Each structure stands twice: as C-alpha cells, then as structure tokens.
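Now for the letters of each chain:
2 protein chains.
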Amino acid sequence: MFREEIKVLDCTIRDGGLINDYQFSRDFVNAVYRSICESGVDIMEFGKKLAVSQEYTREKYGIWNFCDDDDIKRVIDSHESEYRPKVAVMFDVGRVDLSTLVPCDQSPVDMIRTACYVPDIDKGIDLVKRTKYLGYQTTINIMAVSAAIESDLIEALEQVNEIPEADFLYLVDSFGAFYSEQVTYYLDLYRKHAPGKELGFHAHNNQQLGFSNTQQAIIDGVNLLDATINGIGRGAGNCNLELLLNFLKNPKFDVRPVYKVIQDEFVPLRHSIEWGFNDIYGISGHLNQHPRQGMKLRADKKLKDNCYDFFLESTRSDDVDIA
Amino acid sequence: MFREEIKVLDCTIRDGGLINDYQFSRDFVNAVYRSICESGVDIMEFGKKLAVSQEYTREKYGIWNFCDDDDIKRVIDSHESEYRPKVAVMFDVGRVDLSTLVPCDQSPVDMIRTACYVPDIDKGIDLVKRTKYLGYQTTINIMAVSAAIESDLIEALEQVNEIPEADFLYLVDSFGAFYSEQVTYYLDLYRKHAPGKELGFHAHNNQQLGFSNTQQAIIDGVNLLDATINGIGRGAGNCNLELLLNFLKNPKFDVRPVYKVIQDEFVPLRHSIEWGFNDIYGISGHLNQHPRQGMKLRADKKLKDNCYDFFLESTRSDDVDIA
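Residue numbers (full-length UniProt numbering), protein chains in the order written: chain S, 1 to 323; chain X, 1 to 323.
Keep in mind that the hints are not guaranteed to be accurate.
Identical chains blur together in the list; that is why a pair holds if it fits in one copy or across any two.
[What the hints assert, rightly or not] 27 Å max Cα-Cα, derived BS3-like pairs, lysine-lysine:
#1 Lys260 to Lys304
#2 Lys7 to Lys249
#3 Lys123 to Lys296
#4 Lys7 to Lys296
#5 Lys129 to Lys86
#6 Lys302 to Lys260
#7 Lys86 to Lys302
#8 Lys260 to Lys301
#9 Lys260 to Lys7
#10 Lys260 to Lys296
#11 Lys129 to Lys73
#12 Lys7 to Lys129
#13 Lys192 to Lys86
#14 Lys123 to Lys73
Simulated from the structure, these hints should not be mistaken for laboratory data.
In this text the structure is predicted, and so the values were computed from the model without any measurement.
Build the full structure now, drawing on both the sequences and the hints.
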C-alpha cells in the first residue's frame, strides 16, 4: 500500500546541471519536462535561480543556472498536458538578486528552495521569509549536516522551527556519507528540534545508498523526496527516480515515461558526461568528505580509477596531522 | 562498534566467474587471494565444484567451475601469509560427483556451500549430509525464494532445521528483488521455521540495494555475509566487499588491499566484461524476474540500453495473459 502524503520532487536538471554547467539543450529539457508531466511526478526543479553578472553570464553558466521565467515558460509551452507538475527553482545563499523576483502569481515558479550551510542559516532564513512574502512555497535545505557541529545544527533547526515561512525543512546528505542508521538519527534530531516542520530528504549515491536511504527516510515518515532521472547528479549522483517510482506503488505515478526519456536522452548523454557510483566516490562518501577531490580525479583520464591511491591520499596522516 | 560474530565470505571468483565462464587467469585469482589474505576477510569461495564430463570440460568452462584441490593449492602456495582465509567451494544440486570428494582433512577446502531451489531441497539436504560426513563446514543456499510458493519454502526451512549437518542456512536474493522490508520479512520467516540455524545472506544489486540489504541483514542479526570485490557478479553483481568492510568497522579488516586489487586488476577487467547496476537489471529486479532476459539484452550492443522497450516487453500482457 502506498502513502498518499508522499510527494516526489524531480531535480534532474538542477542537480544534473552541476556536472555540465547547465549546458543542456532546450530539446533535452523539454523531453525531461514531458516525462515528468506524463509520469505524474509532483514537482520539477528546473535549476538554480542565481544573479546574472558580467562574470557570471547565461552563456558561460547555462540558462538553468538563472531560471528566467521566460525560459521556464518556453519549456512548459513545449508540451500540451492536462497534468502539470509544480515548478521549483533553487536559491544559493549569497548568490541571488531578490529585486528581480516577481510575486508568485506572476511567475511560472511555485516553489523556491533555499540551500545553505549551517553557518549561513540566518541568511537562508532571510531568503525563505522574503520568498514566502512573495507567495512562493518554500523549503530550506541545510547542506553538509554530516560535517556540521551538532550543537550548531540544533540551533539552526530551532531557528527554522520558529519561522512559519518555511514550509519544508530538508535533510541533505551532501557527501553521500549516511548509512540508514544516520538517516534515522538525523531525522530524529530534526523532529526533536523542529517539530513543527514537514521534512524533506535529499540523498547522494556515493556508497550506492541514495535509493535505500530515501526508502529509510520514507520509513521514518518523510513525505517530500528528491530524485533524479537515471540518478543524474554531481559525482555519484542521486536517488534514481525510476527506482523510487517503482518502490512507491502509488497508482498516480507511471514509470514508463521515465524509462522512455532515459532510453532516448540519457543513454546518449552518458557519452559526454559521467555520473553514478564508482569506488572513488565510495571512498569520499565513507570518509564523509566533499566530493571535490573525487571529481577532480575522475576528470583525469589516466588516474580516474586509481581508488587505492585515492584512499591512501585521503587517509594519510603524515603531513596533515593536526592532533 | 563492531559485532565480533560477523564473518564475511568473499565470493568474487565464484560469482564473477558466472560472467566469463570462469576464464580468469591464474595471476588474477592469485591477486584476489592475496588481497583476501591481506584484508583479513574470513572466507574465500574459489568457485563451483562441479563434475567434469566430456561435454563439460575444464578448457571450455574454466578450472574454477571444478575447483580441483590441486588448483586451489597452487593459489594458496602463490602467496606467503600468516593469516589465511577459510576456503569455500559451491555445489550445484544435480551437477556434482561426490565420489571424487576427499575427506576435509585431506583437502584445502574447509567449507562446501550447496545451492538449490526449493523443489530440490531434498537433494540439497542429501548433499549437505554427505559433505558434513566428510568433515566439511556446510551451508545450504536456497535460491530464488522471492519466486517460491511460501508454504513450500516453509516446508523446506523446517526440513533444514531438522538436520544438524547444515551449519548455515542462507537467504539468497537471487533476482535482486528485495527491498529492506522483504529482507526483514524473510529473515523472520527463516528464524520462525528454522530457529536452530545460523543464517547467512547473499544479495544481488539489481536495484542498487545489494549493499544496503546486506546492512539490513546485519541489523536483523545475520552473521555470515557474502560480498564480492568491486561488486563483480552475474548481471547487476553483488554487495561490494570494499563498501561492506568500510561499514563493518571491525579492526581485523583492512580495506586497502581490496582497493589495491580493484585498481590493479578489476579496472582493466572492466574493459572485457561488464557487471553492475543499470536500468535493465533494475527492471528485472523490480519485477522479481530472473536476470536471464536482461543479460541477453546487455549482450546486444545495439539494444543493450533500451530500458523502455525492455520494461514494456517485460510487463506486456497481450500475448501472455494467463488469468
């Protein structure tokens, strides 16, 4: 039996765009949108909504780093559909220009997700309040909590709990470091210190646990779940949307359009960009480290599979002893 | 904290050999053996111990389909080591010649694992009794239980429970169909109907759940765990040994030699044979089907990634309606 409250958020374009600087073709994004419409997924995140600047241009960083309303509308207009997913975009603290944000009722965007680290929680909360004021549904996604000092995290959770403007509070396994028991541990912590908030969960697949940890979050009562088509995403990628829809059993979902777009669009895409589990990301996840070093290694054609060297380098204590 | 009772069985050669008809070079098997010695893994399974026949030859089917004591001894002698893992081989019901089996104290083999389907449980039990009579440690690995009629399975479990000759009883997720809740469900069933048996668990990775389901088995009290280096194995492969050792935290294990042999031997091997998750195996796992059709598709260079077509074909009801 399925749980009716569960909603699935597809962040294929937003998380996948981290690999290729959001250089997806319009046809590709249209195809993803179509599959999300047809599969009945609840929410689709189109990208980040960052501020354009002279250095930070649409050409270089891709239009889905900026998510102009007009670009989103073009995608929506590309496909006739009775059912339409809600549209989300992501804010990064310190990189947005709120003066350009129109009220929700004038925009194709329904939900704005604010991503921030624990030390930036006040800035994150400020953005959440402002976006809610403009009528958007809001989430706050606290990143890298596996590397945060717990007392700081607790304080952040208590602050989020105080603001009615935050509709959802996200547990994010940024480094793919969690086992199922950590998912449960953190969710308990979130519930204890932010009891008034609906929770979301965003996994990474460094240790082949993106999908299973999302299941654990479901078991633990989370009702807003992130996933991406074919698991696309930075480094080891995310929870695979197709696996999740298979698991959820909700008759409102149809997994076939997801397999269709994988076959037609994602299989060819794998020839030019890489994502998914390998032992390099397994090591960075196990060691609770940012995937930065692993991604650097994977970009080196000669060294990309040297997991033994990477393990030694990531765990050596001779020149980094800080005891 | 680690659980001291937990033992890890490496079945890299035995399960990996299913992909390449056991055509591993001697150097490759020596390298695997060395890494298992150095990493402190408890048991290494070398292959199957099947009967040679005119049709079923060592040349065509590879020496590790037959596991002659002399071949095993050559591997053991190839590496000086203070610590040595126990040596296991696997019996397939109906394909063994017991008359060639010497007593355990004259053989390098310590453990014989008998694999059988539910309908063959009496044959399996017979083999377990005979191998125990010769002094071997024994396991019985009931395959494809996710596709067995439960009352038949229960009867089989009760029979296994009656024979003191079976040291371990294995839950095997042959089709990679289990979610964590099914692991728990079946383990409860096994405990209820075979309360006298120590349990083992063997996962497959069709839905990216090989490692997480093995964790679930640990949580549920299983103390004998199968894994393979880099997850090598038929179709989507198995639980990755390196991920499992990272998780277990037992100081007797050292994961580094496993990463070393991956870097040196398994990365090159991936150029000639394929294993691991993809959406084809994800579909066969989800549908609780034998990976046979998926493997056939993966062998077809043109069609191998056509997951949408495969899903439709695997779920069509027009010509297979048997209601």
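How the hints compare with the structure:
Taking identical chains as interchangeable, the C-alpha atoms of Lys260 and Lys304 lie at most 27 Å apart only when they sit on different chains, with a minimum of 14 Å there against 31 Å within one chain. Taking CA atoms no more than 27 Å apart as the test, Lys7 paired with Lys249 passes inside one copy only; the shortest distance there is 12 Å, against 36 Å between copies. For a Cα distance limit of 27 Å, the shortest separation of Lys123 from Lys296 qualifies neither inside one copy, at 30 Å, nor across copies, at 54 Å. For a Cα distance limit of 27 Å, the shortest separation of Lys7 from Lys296 qualifies neither inside one copy, at 34 Å, nor across copies, at 36 Å.
Proximity of Lys129 to Lys86 under the C-alpha cut-off of 27 Å is restricted to the intra-copy arrangement: shortest distance 20 Å within a copy versus 62 Å between copies. When the C-alpha separation of Lys302 and Lys260 is checked against a cutoff of 27 Å, the pair qualifies only between copies, where the shortest distance is 16 Å, while the shortest distance within a copy is 34 Å. Within a single copy, Lys86 and Lys302 get their C-alpha atoms no closer than 43 Å, and across copies no closer than 37 Å, so neither meets the 27 Å cut-off. For the homomeric pair Lys260 and Lys301, the shortest alpha-carbon distance between copies (18 Å) is at most 27 Å, but the shortest distance inside one copy (31 Å) is not.
In this assembly of identical chains, the alpha carbons of Lys260 and Lys7 lie at most 27 Å apart only when taken from the same copy (22 Å versus 42 Å across copies). Within a single copy, Lys260 and Lys296 get their C-alpha atoms only as close as 32 Å, which misses the 27 Å cut-off; across copies the closest is 20 Å, which meets it. Taking the closest pair of Cα atoms, Lys129 and Lys73 come within 27 Å of each other only inside a single copy of the chain (25 Å); across copies the shortest separation is 70 Å, beyond that limit. Taking identical chains as interchangeable, the C-alpha atoms of Lys7 and Lys129 lie at most 27 Å apart only when both belong to the same chain, with a minimum of 23 Å there against 53 Å between chains.
With identical chains, the CA atoms of Lys192 and Lys86 are never at most 27 Å apart, being 30 Å at best within one copy and 47 Å at best between copies. Proximity of Lys123 and Lys73 under a CA criterion of 27 Å is satisfied in neither setting, with 29 Å inside one chain copy and 66 Å between copies.
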